[in-house]
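Asks: The task is simple: from the sequences and hints, build the whole structure.
Protein chains: 4
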Amino acid sequence: MPVPAPNLYPDFNVIRLSHVCLNVTDLEVSRKFYTETLGMQITDEDATHIYLRALEERGHHCVILQKSDQPGTVEVLGFKTFDEPDLDRAEAYFAAKGRPTQWVERPFQGRTLLTCDPMGIPLEFYHHMDRLPPIHQQYALYRGVKPLRIDHFNCFSPDVDASVAFYSDFGFRVTEYTEDAQSGRLWAAWMHRKGGVHDMAFTSGIGPRLHHVAFWVPTPLNIIDLLDLMATTGYVANIERGPGRHGISNAFFLYILDPDGHRIEIYCSDYQTVDPDLEPIKWDLTDPQRQTLWGAAAPESWFKNGSPFVGVETRAPQITASPIIAP
Amino acid sequence: MPVPAPNLYPDFNVIRLSHVCLNVTDLEVSRKFYTETLGMQITDEDATHIYLRALEERGHHCVILQKSDQPGTVEVLGFKTFDEPDLDRAEAYFAAKGRPTQWVERPFQGRTLLTCDPMGIPLEFYHHMDRLPPIHQQYALYRGVKPLRIDHFNCFSPDVDASVAFYSDFGFRVTEYTEDAQSGRLWAAWMHRKGGVHDMAFTSGIGPRLHHVAFWVPTPLNIIDLLDLMATTGYVANIERGPGRHGISNAFFLYILDPDGHRIEIYCSDYQTVDPDLEPIKWDLTDPQRQTLWGAAAPESWFKNGSPFVGVETRAPQITASPIIAP
Amino acid sequence: MPVPAPNLYPDFNVIRLSHVCLNVTDLEVSRKFYTETLGMQITDEDATHIYLRALEERGHHCVILQKSDQPGTVEVLGFKTFDEPDLDRAEAYFAAKGRPTQWVERPFQGRTLLTCDPMGIPLEFYHHMDRLPPIHQQYALYRGVKPLRIDHFNCFSPDVDASVAFYSDFGFRVTEYTEDAQSGRLWAAWMHRKGGVHDMAFTSGIGPRLHHVAFWVPTPLNIIDLLDLMATTGYVANIERGPGRHGISNAFFLYILDPDGHRIEIYCSDYQTVDPDLEPIKWDLTDPQRQTLWGAAAPESWFKNGSPFVGVETRAPQITASPIIAP
Amino acid sequence: MPVPAPNLYPDFNVIRLSHVCLNVTDLEVSRKFYTETLGMQITDEDATHIYLRALEERGHHCVILQKSDQPGTVEVLGFKTFDEPDLDRAEAYFAAKGRPTQWVERPFQGRTLLTCDPMGIPLEFYHHMDRLPPIHQQYALYRGVKPLRIDHFNCFSPDVDASVAFYSDFGFRVTEYTEDAQSGRLWAAWMHRKGGVHDMAFTSGIGPRLHHVAFWVPTPLNIIDLLDLMATTGYVANIERGPGRHGISNAFFLYILDPDGHRIEIYCSDYQTVDPDLEPIKWDLTDPQRQTLWGAAAPESWFKNGSPFVGVETRAPQITASPIIAP
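Top line first, the protein sequences correspond to chains A, B, C and D. Heads up: the first sequence is residues 1 to 327, going by full-length UniProt numbering. Heads up: the second sequence is residues 1 to 327, going by full-length UniProt numbering. Heads up: the third sequence is residues 1 to 327, going by full-length UniProt numbering. Heads up: the fourth sequence is residues 1 to 327, going by full-length UniProt numbering.
Heads up, a few of these hints could be off.
Any copy, or any two copies together, can satisfy a pair, since identical chains are not distinguished.
Claimed, not checked - Cut-off 20 Å, straight-line C-alpha distance, at most; resulting in silico cross-link-like pairs (SDA-like, lysine to any residue): (1) 282 to 132; (2) 282 to 135; (3) 194 to 274; (4) 67 to 25; (5) 32 to 42; (6) 194 to 56; (7) 194 to 7; (8) 194 to 79; (9) 282 to 131; (10) 282 to 232; (11) 282 to 133; (12) 282 to 138; (13) 282 to 56; (14) 282 to 136.
Hints are computed from structural coordinates only; laboratory data are not their basis. What you are looking at is a predicted structure, and each value in this text was computed from that prediction instead of being measured.
Replies: See below:
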């Protein structure tokens, strides 16, 4: 099995993914999409940034929209640690691994450690973020797809084996993976910290790039409502793939594109993974049901397009097997 | 407008579509599909026929599976009249139109008039069918997609204008239609008697052939359940198109194929059409959202394949415009 | 069986219930409730009236809110006929029955005949109402419970046998009924014209009074959304009964109260009743599952409260059996 | 605030609740209920025990039905630890607290530590349970309410403050609680380890007794399906409370009784609680919306009945405030 054994006793404790900062062209256009269509709540904004949270979140933000002259790129992926000392342990850990580290100032967050993974993905770790009053029972606020929380990141990696090894070493555990039977290498893997199918996933491709960020919604009917809304408010071309059931994760999904082409997954109903002895589920690259349990193929754009990380060079993947499976 | 004005005072009163007789290869294989996957209830069976009803129906059957050496063909489409004298009025009407008529014996039905439309589609009309006790509140019987009732037929016609004119003349009313702007001809039309979007629809194509028969289910989640079931019980290749929302009819849909390739639509949530002054809704053939509101194209098979009526020759359609819209 | 045989050949053709005019205290308060909570669309308003339609309706209105010094009363129940001559036939019919008739002017409606039933319920019949463009696919307009159409009226009658006989005679057909086994009299009956379980129902009680007007919504989840919304926007005391599944009608339901105490049912998923030979389903007054299939009792208020018709005296019911079934 | 600060660094690591052993009268009667109505999967059975798992679980069992001459009692509540050494640390911890400890043999489990909490609730801790192949994508197996996993226990405690203090000390974290404003004492509290609203909750009452065990289902519609099924298969009297939305936890719920009167909650859609700095939400004992957000009162039986732990004496609660809130 190409999946490394989980490191159950990592040097520091990351509890979950937390937030993403997306570079966009026009804050007004993005604001309209993220609030009226996605239904997220603005928690702060100024001339260059909009901070958003989903409805059950009490941390200040899970998405930052940043006005940029490099729209369509991603600034950073954020993660929350269990406690403050984890940040110092993380700094020591990454430094020992030869990764660059620096302490950065972030609004609404406490001490924040910035580093990057071996592919170049910028990662930031914090323990404290400003806490906000609960709004999950203010049902008059629910709009659009009624997003409850950020669920996961999925990134293209040119070397999924290397990416998985790196995150495994500080405690991410693989729940499902796709193996390229010919090379015996990983083609994709789903890894978690918080007890769901993933906080972070990697797919073989030109990378590093963010493939998508996903938000959790209550039921598949919210996804159908979103499709109806997007289809009749000028966003029909922003519907990329779905709805469907993933083979991998068993989740119900929809992929859409924001006004700058950042891909967003709307996601619900995967399964609980808190058992440290949970056995990873293996899928074959040639099994079309891993993509969509119901058999529908993903469009070519879904395999090709992604959001680069700002200032990070990409390279071609090591695996040349084609993931695109005809219908 | 190419749609004829409805005939509000037809010579006889058809109240709704009623049943279809499908020719199949192997009754055991079909039985398994129709009862375990679709979830229909067997009301009678013998060596050559299986009679089925959906869960809220009290008439004896809405589907007859008939063992045949011409599997994949359709024997007849059935309709129910308001009263017995309507049958005699129907006979006189069709005879006056030059259509063949004969009285036929059908198990579980009273007097039954057999005729065919100008394209050759065999039609039978009856008033009385054996009535069965209600089972819609025996929830332990619900299985598969939990079908509640037969909803409509959809047929390929080589001349949709002529088909629509024929059914309009005895009272079918158009609710929505697609016009080929170039020729000014109808490309498709949806016609009803019972107060939904359609009892019968016609689509331009090699015909006459049955495009599909549709069953009404409670909610879109039943359709998602069916997809999950089919995908994991050996029927993934029988999923042809969907799930999605139709532009036309606004219904939530899924198209699947039975073991002989007969196409079945699972359908819910269209709208009420009992107003005789309901204005038909016009769609343009070039608008991809008429097929699927969310923009997904139908696969080529959906435009090409259909079930011939047994012994009825087909011919090419008059309209040459391509309905196949690339994604 | 205490249910009269249906009159399949009535003197005139009523196709469905159409609208209700409710007297209210404060148009602003009612407007907020009907648009933000119920989610209906305003089609016209002036200093004394607000006209509303549900999302799939193309007729101008299904609810008229009328500012009144007798708030909590009902002005009239409206019905649509198949054609214009039905109105003249209706006038002759009601006059022959000794009912008062007059032609009244109604905004947005064509010729309108006003009469009342033997209990005193004011009824108006029209054929033409102004037609509006479809909005059912403008999903950005959907709010609150996402009402699709008016579904039915339910009235208290002091003599359900007499009420049922009266409406049967002009074509309403009984689908389900509750018999008081001791007296052999009807305790309640559900009667339809449009092919659902009812356009009009009667329940034994101090009457005539409107028990409720019902609106059809897509799925039970819309009802759950409404409950969450009302519970967190100051309307928790306006939730009276439910959610639940009715034994009678098999529909999923919720009863709520508008700001003047008019009871509104939110309703979905009953069954199709277009067959003229559909057998009525009989329920026993002592069977608690007729109220709620799941066994929960209705609160006392549900049996006691209703909206009087303005200027119409009420009287006590003939049946003294108690319909209130303890939990 | 009467809630103790969470112990973020407990002596040993419990990751989640795991299973319950229920004493029953008749295994056949219970088997039918747990498999056909609840829809659980049998993983093993003999003359005296039936082992069951829910559909997404890979551990061998979450419910053990044990034939007993003390039906209606509970044998033990089970919890899973992060690793094997946690068991030894747990033994030392409980011994130091003066709790009895012993190592017991349990089929399908590895080393198992039995102890009891200060109220007398028997608790067992293990790390290893036999692992089974995934079945969550074998959709033909889904029946009844389609249970996905065990979610939590809720127990009556005569002294909720003491119970909460005890479980807090080994790492359970309070997410929501109800305070009796008069006495300043806890009336109820919800505590978790796995990242949901609770693994264990305590309510003031004659105790210790198990109030209910809860199972997670995909959506509210599964709960509606269960109600329809129970109502029409002879279990209508086993429906105790709901469906509804809890104020506390925000979950959609239904309470039912198994054939021996053990209360089972069907539960979905609470929220994620992995943040160690998640602020507990406080509710007032006099707020009826904490029970049911929509305002409906719980029946008296719900406050009174529970399953004793076999051989454990109960005592009256310290708080005398009445939790029973009239509708």
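Asks: Against this structure, judge whether each hint is valid.
Replies: Taking the hints in turn, this is what the structure says about them:
Taking identical chains as interchangeable, the C-alpha atoms of residue 282 and residue 132 lie at most 20 Å apart only when they sit on different chains, with a minimum of 15 Å there against 40 Å within one chain. Within a single copy, residue 282 and residue 135 get their C-alpha atoms only as close as 39 Å, which misses the 20 Å cut-off; across copies the closest is 14 Å, which meets it. Taking CA atoms no more than 20 Å apart as the test, residue 194 paired with residue 274 passes in both settings, with 8 Å inside one copy and 7 Å between copies. Only within a single protomer do residue 67 and residue 25 lie at most 20 Å apart by alpha-carbon distance; the minimum there is 6 Å, versus 50 Å between protomers.
In this homomeric assembly, residue 32 and residue 42 come within 20 Å of each other (Cα to Cα) only inside a single copy, at 11 Å, whereas the closest approach across copies is 25 Å. For a Cα distance limit of 20 Å, the shortest separation of residue 194 from residue 56 qualifies both inside one copy, at 16 Å, and across copies, at 17 Å. Taking the shortest alpha-carbon separations for residue 194 and residue 7, both the intra-copy value of 15 Å and the inter-copy value of 19 Å come in at or below 20 Å. For the identical chains of this complex, residue 194 and residue 79 are neighbours both inside a copy (11 Å) and across copies (19 Å), given an alpha-carbon limit of 20 Å.
For the homomeric pair residue 282 and residue 131, the shortest alpha-carbon distance between copies (16 Å) is at most 20 Å, but the shortest distance inside one copy (39 Å) is not. For the identical chains of this complex, residue 282 and residue 232 are inter-copy neighbours only, at 17 Å across copies versus 39 Å inside a copy, given an alpha-carbon limit of 20 Å. For the homomeric pair residue 282 and residue 133, the shortest alpha-carbon distance between copies (12 Å) is at most 20 Å, but the shortest distance inside one copy (41 Å) is not. For a Cα distance limit of 20 Å, the shortest separation of residue 282 from residue 138 across copies, 16 Å, qualifies, whereas the shortest one inside one copy, 41 Å, does not.
In this assembly of identical chains, residue 282 and residue 56 lie within 20 Å of each other by CA distance solely across copies; the values are 16 Å between and 32 Å within a copy. In the homo-oligomer, the alpha carbons of residue 282 and residue 136 lie at most 20 Å apart only across protomers (15 Å), although the nearest pairing inside one protomer, at 36 Å, exceeds that limit.
Consistency note: the structure conflicts with none of the earlier hints.
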